[in-house]
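Novice: What follows is the residue order along each chain.
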Amino acid sequence: MIKHLIEWTGPRRRVLEELRFHAELLEQEFLALGCDRKAARDLANRRLGSTRKSRQQAYRELSATPRDLLIGLSEQRTGPGWLTPIVLGICSLFLQLLFVPDVAMVVSWTIWAAALCCLIPIEVARWSRKLNHWRYHLYSVTTLLGAALLGNAGWMALIAIWRLPPWPTQGCSVVVFCADIIVYLLGCCLLLRVWSVNRTGRCRRCACPLRLPDESGRSGSLLIHAATRSSICIHGHGTLTRDYWHSAWHGCGAFWDELFKPGRA
Amino acid sequence: MKRRGQVDVLQGTMDFLVLRILAREKLHGYSIARKLAELSASALQAEEGTLYPCLYRMERQGWINSEIGQSENNRKARYYSITPAGRAHLRREQTKWDSFVKAVTTVIAGTEGDK
Chain S
215 MIKHLIEWTG PRRRVLEELR FHAELLEQEF LALGCDRKAA RDLANRRLGS TRKSRQQAYR
275 ELSATPRDLL IGLSEQRTGP GWLTPIVLGI CSLFLQLLFV PDVAMVVSWT IWAAALCCLI
335 PIEVARWSRK LNHWRYHLYS VTTLLGAALL GNAGWMALIA IWRLPPWPTQ GCSVVVFCAD
395 IIVYLLGCCL LLRVWSVNRT GRCRRCACPL RLPDESGRSG SLLIHAATRS SICIHGHGTL
455 TRDYWHSAWH GCGAFWDELF KPGRA
Chain L
-19 MKRRGQVDVL QGTMDFLVLR ILAREKLHGY SIARKLAELS ASALQAEEGT LYPCLYRMER
41 QGWINSEIGQ SENNRKARYY SITPAGRAHL RREQTKWDSF VKAVTTVIAG TEGDK
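Chains S and L supply the protein sequences, listed in that same order.
Here the first sequence stands for residues 215 to 479, numbered as in the working numbering.
Here the second sequence stands for residues -19 to 95, numbered as in the working numbering.
Extracted from the complex, chain L is given alone in its bound form:
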């Protein structure tokens, strides 16, 4: 459930954010959601109904791997890790994102005086 001040992850950026998080360490789905909230200071929220399909889809595309492991509460959990193909995709997405942010910033800077 969304809390006050939280925003949904922008459409199309979920894959990118999840890959960024998984590039650092191997995590299970719940930890990915927690990490995303933690790193964005609780501003971004990955809905459960979007996060798990996204993980499944990325695994099918070969960007991440999953394996069953023991979780912190001694329960079987599915841990996700990034693959070399996932790292290559992440680099491409990072470049795209950087140019997108640069373009938007330029537009904002160019129209600053219009306010």
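So that you can see chain S by itself, here it is in the shape it has in the complex:
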């Protein structure tokens, strides 16, 4: 990641340095022709046109725009998606600990605030794309909020334990507090993992758990005839197919409505 960051800043620095030098030499040329400094600068600017535009063009050609950095960084990522809120949470936790005196208050909402800020917009965006999946996304958001509340309740319990006995030394108190934080972080990871697995295994239409798993393919194979697990919604809304690489939902449309249509024998 750091290597990518250096590769991104290198061409930007070089282009900036060269364009500055280019403008300076042009200005010197006009000064040599007898112009005063201001007129020389104006003429150089006029000759060069918009330096911002040149810079942007150069960055685009060298794939050094901020967008390229984001794409590059996301390509470097190897961890699962749910790790991002955790990492963000931990970073913001340490940042807030530097400034806010009440440690317990800082820790309590930090991780969950990050998780909610990252995951709820994703859910809402998916929701707006597939309107008939609103129950599923509402379920996801609600359970995420529930997990946040549960996580915070756990943290409050841990803090109560920490504040309960008079610790013999200051060091002892710090060790217990650090242990509390570790337990809390592990708990948060576990809760988010459970949330993620639970929502994946639910019907995208009615949010009921998927049933009747059917396995096919070879368990040792990853590419050809890979092990695939299909589960169906018992209300007939669709099938979820999961293999090692990804999961795909195939909706069944309205065949159930068709079956119970009035007047059908």
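Simulated from the structure, these hints should not be mistaken for lab results.
Ideal placement from N, C-alpha and C gives every residue a C-beta, glycine not left out.
Just to be clear, a hint being listed does not mean it is correct.
Think about it this way: if two alpha-carbon atoms lie no more than 20 Å apart in a straight line, the pair counts; the simulated EDC-like pairs of lysine to aspartate or glutamate are [what the hints assert, rightly or not]:
#1 S/267 to L/27
#2 S/252 to S/238
#3 L/15 to L/5
#4 L/56 to S/282
#5 L/56 to S/231
#6 L/56 to L/5
#7 L/56 to S/238
#8 L/6 to L/39
#9 L/15 to L/-5
#10 S/267 to S/238
#11 L/15 to L/52
#12 L/15 to S/243
#13 L/56 to L/39
#14 L/6 to L/-5
#15 L/76 to L/-5
#16 L/15 to S/238
#17 S/267 to S/256
#18 S/217 to L/39
#19 L/6 to L/18
#20 L/6 to S/231
#21 S/217 to S/282
#22 S/267 to S/282
Selected chain S positions facing chain L (in silico; Cβ < 10 Å) [unchecked claim]:
#23 231
#24 233
#25 235
#26 237
#27 240
#28 262
#29 268
#30 269
#31 274
#32 275
#33 278
#34 279
#35 280
#36 403
#37 427
Chain L: place on chain S using the hints.
Specialist: Just chain L now, kept in the frame of chain S:
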């Protein structure tokens, strides 16, 4: 900024032209742009936003080298020089360009009577 009568360097020919210029002497970016305009009687213009990325890319490919030197206005400047790999690439590009020009000239000559 482009002036009247000036044309942008054809896409794909910038590397070739810059290598041709650098094959003669070691220059900094500004001088390369000036030289290009001078040799083409101000007909060709290398845009700053294209020239510097091109130099950077060619350096990454190993066709040119760059080193910091003192410029004519006593300022630190980056001087570019061609490498043996750059000379070999230049020879290949020169051959390609010659056959391209020959082919286009033949087509023009062959269709001269159609006008």
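Novice: Against each hint, give a clear statement of whether it holds in the structure.
Specialist: Hint check results:
About 11 Å separates the Cα atoms of residue 267 of chain S and residue 27 of chain L, which keeps this hinted pair within 20 Å; it holds. Annotation: proposed proximity of residue 252 of chain S to residue 238 of chain S holds, straight-line Cα distance about 13 Å (limit 20 Å). Using a Cα cut-off of 20 Å, the hinted pair residue 15 of chain L and residue 5 of chain L holds, with the two alpha carbons roughly 11 Å apart. For the hint linking residue 56 of chain L to residue 282 of chain S, the alpha-carbon distance of about 30 Å lies beyond 20 Å, and the restraint is violated.
Restraint check for residue 56 of chain L and residue 231 of chain S: satisfied, since their Cα atoms lie roughly 10 Å apart, inside the 20 Å limit. Pair hint residue 56 of chain L plus residue 5 of chain L holds up; C-alpha atoms about 18 Å apart against a cutoff of 20 Å. A hinted pair counts as satisfied when its Cα atoms are at most 20 Å apart, and residue 56 of chain L with residue 238 of chain S qualifies at roughly 12 Å. A threshold of 20 Å between alpha carbons decides the hint, and for residue 6 of chain L with residue 39 of chain L the separation of about 14 Å falls inside it, so the pair holds.
Between residue 15 of chain L and residue -5 of chain L, the direct Cα distance comes to roughly 14 Å. Compliance with the 20 Å bound is thereby established for this hinted pair. For the hint pairing residue 267 of chain S with residue 238 of chain S, the CA-to-CA distance comes to about 18 Å; that is within 20 Å, so the pair holds. Taking the CA atoms of residue 15 of chain L and residue 52 of chain L, the gap is near 15 Å; set against the 20 Å cutoff, the hint holds. A threshold of 20 Å between alpha carbons decides the hint, and for residue 15 of chain L with residue 243 of chain S the separation of about 15 Å falls inside it, so the pair holds.
Proximity of residue 56 of chain L to residue 39 of chain L is assessed by CA-CA distance (about 19 Å); at most 20 Å being required, the pair is judged to hold. With a C-alpha separation of about 16 Å, the suggested pair residue 6 of chain L and residue -5 of chain L falls inside the 20 Å cut-off, and the hint holds. This hinted pair checks out: residue 76 of chain L and residue -5 of chain L have alpha carbons roughly 13 Å apart, not beyond 20 Å. Between residue 15 of chain L and residue 238 of chain S the alpha-carbon distance is near 17 Å, which keeps this suggested pair within the 20 Å criterion.
Taking the CA atoms of residue 267 of chain S and residue 256 of chain S, the gap is about 17 Å. The hint holds against a cut of 20 Å. For the proposed pair residue 217 of chain S and residue 39 of chain L, the alpha carbon gap of about 19 Å is at most 20 Å, so the pair holds. Between residue 6 of chain L and residue 18 of chain L the alpha-carbon distance is near 16 Å, which keeps this suggested pair within the 20 Å criterion. Annotation: proposed proximity of residue 6 of chain L to residue 231 of chain S holds, straight-line Cα distance about 19 Å (limit 20 Å).
At most 20 Å may separate the alpha-carbon atoms for a hinted pair to count; residue 217 of chain S and residue 282 of chain S meet this at roughly 14 Å. As the CA atoms of residue 267 of chain S and residue 282 of chain S are separated by approximately 17 Å, the hinted pair is consistent with the 20 Å bound. Of the supplied interface hints, the one on residue 231 of chain S holds, with its beta-carbon coming within about 7 Å of a beta-carbon of chain L, less than 10 Å. For residue 233 of chain S, the interface hint holds, the least distance from its beta-carbon to any beta-carbon of chain L being 6 Å, beneath 10 Å.
This hint holds: residue 235 of chain S has a C-beta 6 Å from the nearest C-beta of chain L, less than the 10 Å allowed. A hinted interface residue such as residue 237 of chain S counts as satisfied when its beta carbon comes closer than 10 Å to some beta carbon of chain L; here the least separation is about 9 Å, so the hint holds. Taking 10 Å as the C-beta contact cut-off toward chain L, the hint placing residue 240 of chain S at the interface holds, the least distance being around 8 Å. Interface restraint check for residue 262 of chain S: the shortest CB-CB distance to chain L comes to about 7 Å, inside 10 Å, so the restraint holds.
Hint on residue 268 of chain S holds. Least Cβ distance to chain L is approximately 4 Å, under the 10 Å limit. Given the 10 Å rule on beta carbons, the hint for residue 269 of chain S holds: about 7 Å separates it from the nearest Cβ of chain L. At about 8 Å, the closest approach between the beta carbon of residue 274 of chain S and any beta carbon in chain L falls short of 10 Å, and the interface hint on this residue holds. With a cut of 10 Å, the hint placing residue 275 of chain S at the interface with chain L holds, because the nearest CB-to-CB distance is about 4 Å.
For residue 278 of chain S, the shortest C-beta to C-beta distance to chain L is roughly 9 Å, which falls under 10 Å, so the interface hint holds. At its closest, the beta carbon of residue 279 of chain S sits 12 Å from a beta carbon of chain L; the interface hint therefore is violated under the 10 Å criterion. Using the Cβ-Cβ criterion of 10 Å, the hint placing residue 280 of chain S at the interface with chain L is not satisfied: the shortest such distance is roughly 17 Å. Proximity of residue 403 of chain S to chain L is violated relative to the hint, the smallest CB-CB distance being about 41 Å (cut-off 10 Å).
A distance limit of 10 Å between C-beta atoms decides the matter here; for residue 427 of chain S the minimum to chain L is near 52 Å, and the interface restraint is violated.
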